[in-house]
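A.B. asks: For the record, the sequence lines run as chains A and B. Residue numbers for the first sequence follow UniProt numbering, beginning at 1 and rising by one. Residue numbers for the second sequence follow UniProt numbering, beginning at 1 and rising by one.
Think of the hints as simulated: they come from the structure by calculation, not from any bench. None of these values were measured; they are calculated from a predicted model. Heads up, a few of these hints could be off.
Which copy is meant is left open, because identical chains are indistinguishable; a pair holds if it fits in one copy or across any two.
Derived BS3-like pairs (lysine-lysine); straight-line CA-CA distance at most 25 Å [as the list claims (entries may be wrong)]:
1) Lys21 <-> Lys110
2) Lys157 <-> Lys197
3) Lys157 <-> Lys241
4) Lys155 <-> Lys194
5) Lys197 <-> Lys155
6) Lys241 <-> Lys229
2 protein chains.
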Amino acid sequence: MNSPVDPNLGGGSLLIAWQLKDKNVLIVGGGEVASQRVESILVTDANIVILCPENGVSPRTRRFIELYPDRISYYDRLFTGPDELNNMDMVLTAIDDNDRSREIVELCRKARVPVNAADIPDLCDFYFGAQVRDGPLQIMISTNGQGPRLSALIKQKIQGSLTGREGEAIRKVGELRQLLRVYEPGVGGPSGRKRMKWMTQLCNQWDMEEFALMDDVMMKRLMEEGWAKERTPSFEELGGKRPDSRTTKMTPLITSWSTSLVLPSLSFIAGLLVASLFSLPRRR
Amino acid sequence: MNSPVDPNLGGGSLLIAWQLKDKNVLIVGGGEVASQRVESILVTDANIVILCPENGVSPRTRRFIELYPDRISYYDRLFTGPDELNNMDMVLTAIDDNDRSREIVELCRKARVPVNAADIPDLCDFYFGAQVRDGPLQIMISTNGQGPRLSALIKQKIQGSLTGREGEAIRKVGELRQLLRVYEPGVGGPSGRKRMKWMTQLCNQWDMEEFALMDDVMMKRLMEEGWAKERTPSFEELGGKRPDSRTTKMTPLITSWSTSLVLPSLSFIAGLLVASLFSLPRRR
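Start from the sequences, fold in the hints, and give me the full structure.
C.D. replies: If you want it as C-alpha cells, here you go:
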C-alpha cells in the first residue's frame with residue numbers, strides 16, 4: 001500500500017473494467033470486426049443494437065444475432081443520424097467509411113456517449129485489447145495501439161502461466177466475501193476496512209489451489225473459527241485436503257528419478273558388464 | 001478471426017484501455033486509496049484535480065502533489081456541489097462518507113461523467129484491477145469485484161511468465177507501423193487491411209526477442225525487401241543477430257548434458273571401476 005511514488009509516470013492508458021449489465025450498446029457495422037465487438041459486449045450482459053445493411057453482415061455476426069435474440073436487435077439499414085444515439089450508453093463503429101465514422105464519433109462526443117471507432121485510434125475514447133477469460137477472471141493485454149498483434153503472443157504466454165483453476169478460486173473467494181458481509185454488514189468505511197484486512201491476511205496465507213478447493217463447510221468454519229476469533233486458520237486446520245497433491249508431486253518425482261537415478265543406475269550396470277567382459281577372457 | 005461463436009457469453013465486464021491524455025479527472029479524497037487513484041491517472045497524462053481537507057491527505061498523495069505540480073491541482077476543501085463537475089471527463093471518489101459518495105455519483109450520472117466510487121461497486125461505471133506495466137505494454141487483471149486480493153497473486157504469475165523484453169518489442173513494432181504508414185498512407189479501409197495483413201504475417205513469423213532487437217537499418221530493409229515485394233523476410237535474412245542466442249541456447253544444453261550424458265557416463269566409469277576392483281583380487 002505504501003509503495004514509493006514514481007516520478008516518471010505517463011504515456012499510458014487507464015485500464016478499467018467497464019460495467020454494461022442491462023445498458024444499451026450501439027454497434028454500427030456487421031462485418032468481421034463488428035462480430036468481435038458483439039462478442040466483447042455479449043460478455044457484459046448489455047443490450048446490443050446492430051445497424052448494418054444485410055449484405056454487409058458477416059456469417060459470424062449472423063450467428064450471434066441468431067443465438068442471442070434476447071440480447072441483440074438487428075436492423076437492416078445504415079446509421080441515420082443523432083436520434084440513433086438516444087438511450088445509448090456506448091457506441092462502437094466498425095465500418096469501412098472513415099468519414100461516416102468520424103461523423104458518428106462527433107455526434108457521440110456531443111451526446112457524451114463513450115465511443116470507439118475501429119481502425120481510427122485518434123477518434124477513440126478507449127481501445128480494446130487481447131483478452132483472457134476464466135469465469136470471473138478477466139485479463140486484458142493492451143499495447144496502447146502500438147503492436148496489437150504482439151498482444152496475441154503475450155496472451156499465449158499468460159495463458160501458459162495459469163493453471164486454469166484461478167477462475168474457480170476467485171469464484172470461491174467471491175462467495176466467502178458475500179458470507180463475510182452477512183457476519184459483518186455495512187458498505188465501505190470501518191466495516192469495509194476490517195473485512196479487507198482479514199481477507200488480505202487470508203489471501204497472503206492460502207494459495208490459489210486451496211481457495212479453489214474450499215467448500216461450504218470449510219467456508220462456515222472459516223467464519224466461525226477465523227473471522228469470529230480474529231484469526232486466519234490454515235487450509236489444513238479447517239480439514240482441507242489437496243486430493244491432487246500426491247499426483248502433482250509425483251510427476252516431477254518420477255521425471256527426476258528417470259534422469260537422476262534410473263539412467264545412471266543402468267549406466268553403472270553397463271559399466272560392470274563391460275568391465276566383466278574384459279576381465280573374463282583374461283581369467284581363462 | 002473466424003473462431004466459432006460461444007453460446008454462453010455473459011457475466012463479465014468490458015475490459016478497455018481508456019484514453020485520458022490532457023483530459024480532466026476529479027479525485028474526491030486524498031487518503032491512501034486516493035493516492036492509488038492519483039497514480040493510475042498520472043499514467044494517462046490527464047490533468048488531475050484533488051479535493052480534500054489538508055488533514056485527510058496521506059503522505060503518499062502529498063508526494064504526488066509535490067512531484068507533479070503541472071499535472072495536479074490540489075484544493076484544501078470538501079466537494080461543494082454540481083459545479084465541481086464542470087469540464088470533468090471522469091470522477092473518482094475515495095472518501096469514507098458513503099452518503100456523500102452516493103450524492104456525487106448521482107450528480108455524475110446526470111452530467112454523464114464516468115464515475116468510480118471506491119468500495120461501493122454497485123455505484124461504479126467501472127472497476128479498477130491489478131496492473132502490470134512495461135512501457136507501452138499494460139496488462140490488467142480483473143476479478144470482477146469477486147477477489148481483488150487474488151489479482152495480486154495472478155499478477156505475480158503473469159510477471160513471472162514475461163521476459164521483461166516485451167515492452168521493447170512492442171515499442172519497435174510501433175515504430176515499424178509508423179514507417180509502414182509512410183509507405184502506405186490512408187486511415188482504415190483497404191490500406192488499413194493490407195497493412196494489418198502484412199503485420200499479422202510478420203508477427204506470426206518473428207518472435208518477441210527478434211522484434212526487440214530490430215534496429216533502424218533492419219526496419220528500412222524490412223520495408224524495401226519485405227513490404228515493397230509483398231513478402232516477410234526472416235530476422236536473419238535482414239542481418240539480424242541474437243547476441244544472447246548462444247547463452248540462452250547453451251543453458252538448457254548444459255542442463256540436459258549434465259543429466260542425460262555426464263551423470264550416466266560417470267556412472268558407467270564407476271561401474272567399470274567397481275567391476276575392476278572385484279576382478280583384480282581374483283587374478284592375484
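A.B. asks: Run every hint past the structure and note whether it holds.
C.D. replies: Now for the hints, and whether the structure bears them out:
1. Lys21 <-> Lys110: both (24 Å within a copy, 19 Å between copies)
2. Lys157 <-> Lys197: Between copies only: 23 Å across chains, 32 Å inside a chain, cut-off 25 Å.
3. Lys157 <-> Lys241: This pair counts as between: shortest inter-copy Cα distance 24 Å, intra-copy 30 Å.
4. Lys155 <-> Lys194: This pair counts as between: shortest inter-copy Cα distance 24 Å, intra-copy 36 Å.
5. Lys197 <-> Lys155: So Lys197 and Lys155 pass the 25 Å test across copies only (19 Å; inside, 32 Å).
6. Lys241 <-> Lys229: within (23 Å within a copy, 62 Å between copies)
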